[in-house]
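K.L.:
Start from the sequences and build out the full structure, keeping to the hints where you can.
Here's the letter readout for the chains.
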Amino acid sequence: MVPLSSYIMLSLILFSIGVFGILTTRNMIRILMGVEILLNSANLNFIAFSRYMGDITGNVFVLFTIIIAAAEAAVGLAIVMMIYRNYLTLNVGKIKEMRW
Amino acid sequence: MKDLIMFLILSVIAVVSSLFVFLSKNIFRGALSLSLLLVTMAMFFAMLNAEFIAAVQILVYAGGVLVLILFAIMLTKEREPSVSEVTTSRAVALIAFVVLSLFYLAKHTWEKYVPEKEFSATGASVGTKLFQTYVIPFEAASFLLLAAMIGAIYLARRRG
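For the record, the sequence lines run as chains X and D. All residue numbers in the first sequence are consecutive under the numbering used here, ending with 100. All residue numbers in the second sequence are consecutive under the numbering used here, ending with 1160.
Bear in mind the hints are in silico, worked out from the structure with no lab data behind them. Values in this document were obtained by computation on a predicted structure and should not be read as measured data. For every residue, glycine included, the Cβ atom is placed at its ideal position computed from N, Cα and C. Misleading hints may appear alongside valid ones.
[Stated by the list, open to error] Below 30 Å or equal to it, Euclidean Cα-Cα: the simulated DSSO-like pairs (lysine-lysine) are:
no.	chain 1	residue 1	chain 2	residue 2
1	X	94	D	1077
2	X	96	D	1077
3	D	1107	D	1117
[As the list claims (entries may be wrong)] Covered by chain D, according to a simulated footprint, are these stretches of chain X (three or more residues, beta-carbon under 8 Å):
no.	segment
4	48 to 55
5	68 to 80
P.N.:
What follows is the structure in structure tokens.
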């Protein structure tokens, strides 16, 4: 059986890569993909602790996280489409004004 | 032993594919690499006896969220490269953070968590917990999904 600490370490590495990517890229869609990586690394932690502590609550929470991630992706990508239509760019550094 | 080998292979795939999300020249390939990461995560969930969550992960993430992302990529056009600029200082900061946190984790003792042999998060057990203890959050989540759907349609609609 794999020790619990290895799951936590993997989750930590994935989370760091996600934060690094979000901070260094300028493309909005890539930033949204980074958010998905962050949520998934947190989910891995939830499931691992749920298994090792013998408590099913972690699984239920991951279900809620997945629901919220789906809602976040839908609204986030709708916002991306609207910004692209108005500014014709996906670069977050170039979007400097709000309309109202 | 078999578990450990499986874990190592899957974690190498997960780390490499998550790096490739940000480092691939073509953003479309980045999205496909994200799908590989999501499927790998589902395999981890299956390894941890969370069969129901593994199925939901593939259905919702690989089937729903990823299709949304691919649509957004195909409907927009990148005019400049969007690869993460990995300078030396940034890479050093990332590696230093990871190594220091790993040291911190290694100091903690996790051995007190010993997994029980018969633990299985099937659809039945997750559903029982969901509909007994967490009914109100479940209803709130369904309302959130409705709000997100209406909001997304409103935002993406073309105004005349």
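K.L.:
Now look at each hint and say whether the structure bears it out.
P.N.:
Right, here's what the structure says about each hint:
1. Of the supplied pair hints, the one linking residue 94 of chain X and residue 1077 of chain D holds, its CA atoms being roughly 15 Å apart against a limit of 30 Å.
2. Distance check on the hinted pair: residue 96 of chain X and residue 1077 of chain D sit about 20 Å apart at the alpha-carbon level, within 30 Å; holds.
3. For the hint pairing residue 1107 of chain D with residue 1117 of chain D, the CA-to-CA distance comes to about 27 Å; that is within 30 Å, so the pair holds.
4. Given as covered by chain D, the segment 48 to 55 of chain X passes the check, having 7 residues with a CB less than 8 Å from a CB of that chain where 3 are the minimum.
5. Check result for the segment 68 to 80 of chain X against chain D: holds, 12 residues qualifying (beta carbon to beta carbon below 8 Å, three or more required).
The structure meets every hint from the earlier list without exception.
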